[in-house]
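Assemble chain Z onto chain L, guided by the hints.
Heads up: the sequence lines are chains L and Z, in that order. Everything in the first sequence is counted per the working numbering, starting at 1 for the first residue and increasing by one. Everything in the second sequence is counted per the working numbering, starting at 1 for the first residue and increasing by one.
Treat the hints as calculated values from the structure; they're not laboratory data. Note that the structure is predicted; figures quoted are calculated from it, not measured. Any given hint might turn out to be false.
What the hints assert, rightly or not - Using 16 Å as the maximum straight-line C-alpha spacing, the simulated EDC-like pairs for lysine to aspartate or glutamate come out as follows: (1) K292/Z x D9/L; (2) K4/L x E227/Z; (3) K159/L x D287/Z; (4) K4/L x E372/Z; (5) K2/L x E223/Z; (6) K2/L x D220/Z; (7) K331/Z x E372/Z; (8) K200/L x E374/Z; (9) K291/Z x E3/L; (10) K208/Z x E227/Z; (11) K35/Z x E268/L; (12) K226/Z x E3/L; (13) K288/Z x E47/L; (14) K4/L x D287/Z; (15) K2/L x D224/Z; (16) K4/L x E277/Z; (17) K2/L x E227/Z.
To be verified - If we take Cβ atoms under 8 Å as the criterion, some of the chain Z residues that face chain L in the derived model are: (18) Y80; (19) I91; (20) R103; (21) T107; (22) T111; (23) C238; (24) P240; (25) M255; (26) S355; (27) K356; (28) K358; (29) F417.
Think of the CB as a built atom: it goes at the ideal place given N, C-alpha and C, for glycine as much as any other residue.
Each chain, written out:
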Amino acid sequence: MKEKISHLDWLESEAIHIMREVAGQCANPVLLFSGGKDSLCLLRIAEKAFRPGRFPFPLMHIDTGHNYPEVINFRDKKANELGERLIVASLEDSMQKGTIVLKQKDEPRNKYQSITLLEAIEEYEFDCCIGGARRDEEKARAKERIMSFRDEFGQWDPKNQRPELWNLYNAKVHKGENIRAFPISNWTEMDVWQYIEREKLDLPSIYFAHKRDIVRRGGAIVPITNVTPAKPDEKVENLTVRFRTVGDITCTAPVASEADTVEKIIMETASTVITERGETRLDDQVSEASMEQRKKEGYF
Amino acid sequence: MNDTNKNNTVLRFLTCGSVDDGKSTLIGRLLFDTKTILTDTLSQIEKSSKKRGMSAIDLSLITDGLQAEREQGITIDVAYRYFSTGTRKYIIADAPGHEQYTRNMVTAASTSQLAIILIDARKGILTQTKRHSYLTKLVGIKHIVIAVNKMDLIDYDESKYQSICDDYKIFASAIGLDQSGTNIQFIPMSALNGDMIVDRNNFINWYKGPTLLEVLESLDTREDIKESALRLPIQYVCRPRDSDNKELHDFRAFMGRIESGLLQINDKIKVLPSNQESTIKEIRIGDKILKKGIFEESVTVSLHDEIDVSRGDMLVHANDNLTATKGFTAKVCWLSETNLSPNRTYLVMHTSRTSKAKIASINSKVNINTLELEEAIDLKTNDIADVTFKLAQPLIVDKYADNRGTGAFIIIDESTFHTVGAGMIESID
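With the rest of the complex left out, here is chain Z:
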């Protein structure tokens, strides 16, 4: 539905599964049933479906990508799709399920609040289901939908569905998914027929739970802004000295996006890493003067005292005991085709600050199929490892489990400037 409601919120989610699981069909179905697919796109798909010898419209073609991909029959990259219901605006990160899987899924998951993991009802839980679940947990997603798809191919058999759910619960507890506060919802469905995506189906009337869209619509995405600590990384300092307006000659304002928590007028704050303290004089977004700024807002703030603040600094509340660090240990997902070489210097980009970094040690590597830890000396594409870093400059970090915004970083190759790794901080030196 192309709704005009202006006060809805954003929910970002990803879909995990390979082509055979019906992932593209599921996305196609969501877009189709929420009336997001417009006539000209539909007629193009109809043409393509016919060209490929199909009688009905193949909804999976909605997510068909680039020419280069069609020629090689592969999917290169994460694609982003949009739909809106009037309650919410949705952003789907559609991660392809072939080679490069880990890299693409970690990328798609990094901005998502919910993951849909597809299971083919005929096949049950596979190694890849475990891989998807592990990665979902690694990237800190708190809401998982286990979509048991292709129910039509097992005659909507309730007992088979139940045994898949039971198997998954045993696995989830084995990897600690159930202890991490993750909320798991099971839904039997047929993406092909549109059962339990947006509409219900009589064959599954034994299932009393919500449809997929109902889960998406009702998910509470709000943040407890009083409970979480204020983190405001400074991106840019505004000094309009050359302005025609003389009143602005001494004006200085600090600009950034609030990564977590709540900032209010007259709050006592300190600047890290310098530890200088002041109070908040003004908070604004454009011309609008605000009493407070909250999580995810990009604000402009000015302070009562003239203290030195630069890009890369962070504002926190004065009573916060957070300090800057020159070392941490993190789970790293290696993204580059070129192996990590432990003797090289890399750049670590974290919030608005970038530091040179050396690898102090590679502690272990995760075997993504068995989920067991193995010894490691180097890292290849798609490897996930526990790595300890030494930093040239102090960074102001939290553990990823406590704060996604200040616990995450990317690794950049100093010579090519490519993004070669992604990290989630587990412990701080």
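Here chain L stands alone, though its shape is the one from the complex:
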């Protein structure tokens, strides 16, 4: 009797296995939960890995203070439904402490997330952070381990990573060091959407086509919000858009789309010609190596 499980079952099984290794090997892990689609897949995987028991880790959101309210409401609702503890570590707190000093009041805050994350790791003594990063997102990620070692400063050193063989994951660390575990490393954007469809996962409404005020700036669609106002000479349009990724308001752009169901989004994803980050992450376009640089500084 010859059998092989389907690719979604295989990806799910691999992710469950990785999460259970974190639970088995780490003393004090945490799951990074943003309310975004990738971290929602992580939550479903955690349910499959640990129910009927509780998750062996709390959830944590690094809140830049620049989030779409739909996403924040969704985040709180989801944590509540699951009955799991949610820690919110906020950039505002780091700013008040003086550990984050903005150069300009309205500048994008994504890069400062690392500081708040590292402070939270220190405060709660986390030895492992489970994140929803995928290797297909970006070329610095293509070389990322499933269990990625970070030193006391949270730094990723691509030259000093542990070889990772078979499905044997070494999550051992000394006090102060930590592991970033990426259970959906081997998933692509399409896999994520297919999984959302199969599992009938709820998503924040901004992932689906909706009307929004935007301006067009250097090829990108920039949403108009209180932190990203239109410049005086810009023409504001009301466009039907959806978000492919959800992050800090100042660096996440929507795409023009009529796709208002998961099924339609999958059709669109299948025929898209631009990568997820290329289209919607304004911060990765700055330089060819910007993700690599951020990871070295302690980013996910």
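Just chain Z now, with coordinates in the frame of chain L:
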């Protein structure tokens, strides 16, 4: 192709070869011809190609890596790439071909089911071809594609291609590749022109075999789950005592990924190393209750009897005569820059169990260029040796040739916690 088919399977493969063999071009070509490369990536590559003074798009730049690598002109690490055809989802492990070669290739091969070994048609079989083949065999890969590349540079000459294939067959039989049940497929190609990768080419119409993509698409990756023994290493024990649901107070479930075989409801099982027996009451994945669990599934199982099961134990069928062992001999690939010191204690991580281990003896070392065995007293980076271990705690192991999941282990340095070696068990004490 960015297909939406949901019921395809996963195939993992690696590519072996150095930059000069056209390995990056081959991967670039596969991704390009299956429409995996999207416009913005392509325009970046176009820019980079122009910057480097090239007129056409250089497909090898698709696999261009980190800033640190570009600055030093080297590749540091295994990179993973993805494409999908609708029949299959593919995961490519792209191992760089410079120094650290053995270490990177063993890492990439450990999760692969197929290896593509590139040969430059102008050069034929080189020492490195032999090295790649040996490592492929060592890591137990059962499907090899010998990609005779750069056929365009030898005018698609059939007789030259044939003589490369013949040479390889002689070598393969010399290292016993042909006896190990390995299936070897030869393909003439030009990655640069895209010949025989996804599309055929008229210049090679003397070749009637499949294209590379056809080989990948048709490979049977299914496992004979009834033939192979059940191995379920327990990763985590679920005891929801603090739950609000009173029915769950006595509930206990055991969680792990089935490394091989088939598990069914009412199967008689035993727990190793304690040898306590019970029967399977329930198998589930999340809310879904299943009649059976198979190879590669992560399941949650409960038993009819209350017996003690912890992380690191293994469930096998009750009639299996597998026992735990406190010693074995294995082929070890040393991964660390720091030499193995025979007097130190290391940690051996095997399935979900980790034990302290001592080196009982280093029996021999493989000369990776001549493939001959040599005497050894220590191990350096990239060395492959036959090593006998003594374990502090019993491990439940199979020979690697019988079971990749339960025959493999990694060696961890007790003080740095770095992964310093990889092992494949050859004989059990």
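Hint check results:
1. With a C-alpha separation of about 14 Å, the suggested pair K292/Z and D9/L falls inside the 16 Å cut-off, and the hint holds.
2. Distance hint between K4/L and E227/Z is fulfilled; the C-alpha atoms sit about 14 Å from each other, no more than 16 Å.
3. For the given pair, K159/L sits about 42 Å from D287/Z by alpha-carbon distance, which is inconsistent with the 16 Å threshold.
4. A C-alpha spacing of about 38 Å is found between K4/L and E372/Z, which places the hinted pair above 16 Å, so the restraint is violated.
5. Distance restraint check for K2/L and E223/Z: the Cα-Cα separation of roughly 5 Å lies within the 16 Å cut-off, and the hinted pair is therefore satisfied.
6. The straight-line distance between the Cα atoms of K2/L and D220/Z is roughly 9 Å, inside the 16 Å bound, and the hint therefore holds.
7. Simply put, K331/Z and E372/Z have alpha-carbon atoms about 14 Å apart, close enough for the 16 Å limit, and the pair holds.
8. Proximity of K200/L to E374/Z is assessed by CA-CA distance (about 59 Å); at most 16 Å being required, the pair is judged violated.
9. For the given pair, K291/Z sits about 15 Å from E3/L by alpha-carbon distance, which is consistent with the 16 Å threshold.
10. Restraint check for K208/Z and E227/Z: not satisfied, since their Cα atoms lie roughly 35 Å apart, outside the 16 Å limit.
11. Only pairs whose Cα atoms come within 16 Å are accepted, and K35/Z paired with E268/L is accepted, the gap being roughly 15 Å.
12. Simply put, K226/Z and E3/L have alpha-carbon atoms about 10 Å apart, close enough for the 16 Å limit, and the pair holds.
13. With a CA separation close to 12 Å, the supplied pair K288/Z and E47/L stays within the 16 Å bound.
14. This hinted pair does not check out: K4/L and D287/Z have alpha carbons roughly 21 Å apart, beyond 16 Å.
15. A threshold of 16 Å between alpha carbons decides the hint, and for K2/L with D224/Z the separation of about 4 Å falls inside it, so the pair holds.
16. Of the supplied pair hints, the one linking K4/L and E277/Z is violated, its CA atoms being roughly 28 Å apart against a limit of 16 Å.
17. Proposed proximity of K2/L and E227/Z is supported: the alpha carbons are some 9 Å apart, at most 16 Å.
18. Hint on Y80/Z holds. Least Cβ distance to chain L is approximately 5 Å, under the 8 Å limit.
19. Contact between I91/Z and chain L, as hinted, is supported at the beta carbon level, the nearest pair being about 6 Å apart and thus within 8 Å.
20. Given hint, R103/Z at the interface with chain L, holds; its Cβ is 6 Å from that chain's nearest Cβ, closer than 8 Å.
21. The beta carbon of T107/Z is positioned within 8 Å of a beta carbon in chain L (closest approach about 5 Å), and the interface hint is therefore held.
22. A least Cβ separation of about 6 Å between T111/Z and chain L falls short of the 8 Å threshold, and the interface hint therefore holds.
23. Using the Cβ-Cβ criterion of 8 Å, the hint placing C238/Z at the interface with chain L is satisfied: the shortest such distance is roughly 4 Å.
24. Restraint check, P240/Z versus chain L: the minimum CB separation of about 4 Å is within 8 Å; hint holds.
25. The closest approach between the C-beta of M255/Z and any C-beta of chain L is roughly 6 Å, which is under the 8 Å cut-off, so the hint is satisfied.
26. For S355/Z, the shortest C-beta to C-beta distance to chain L is roughly 13 Å, which exceeds 8 Å, and the interface hint is violated.
27. Interface restraint check for K356/Z: the shortest CB-CB distance to chain L comes to about 13 Å, outside 8 Å, so the restraint is violated.
28. For the restraint placing K358/Z at the interface with chain L, the shortest Cβ-Cβ distance is roughly 19 Å, beyond the 8 Å limit, so the hint is violated.
29. Proximity of F417/Z to chain L holds as hinted, the smallest CB-CB distance being about 4 Å (cut-off 8 Å).
In the structure shown, a violation is registered for the earlier hints numbered 3, 4, 8, 10, 14, 16, 26, 27 and 28, in ascending order.
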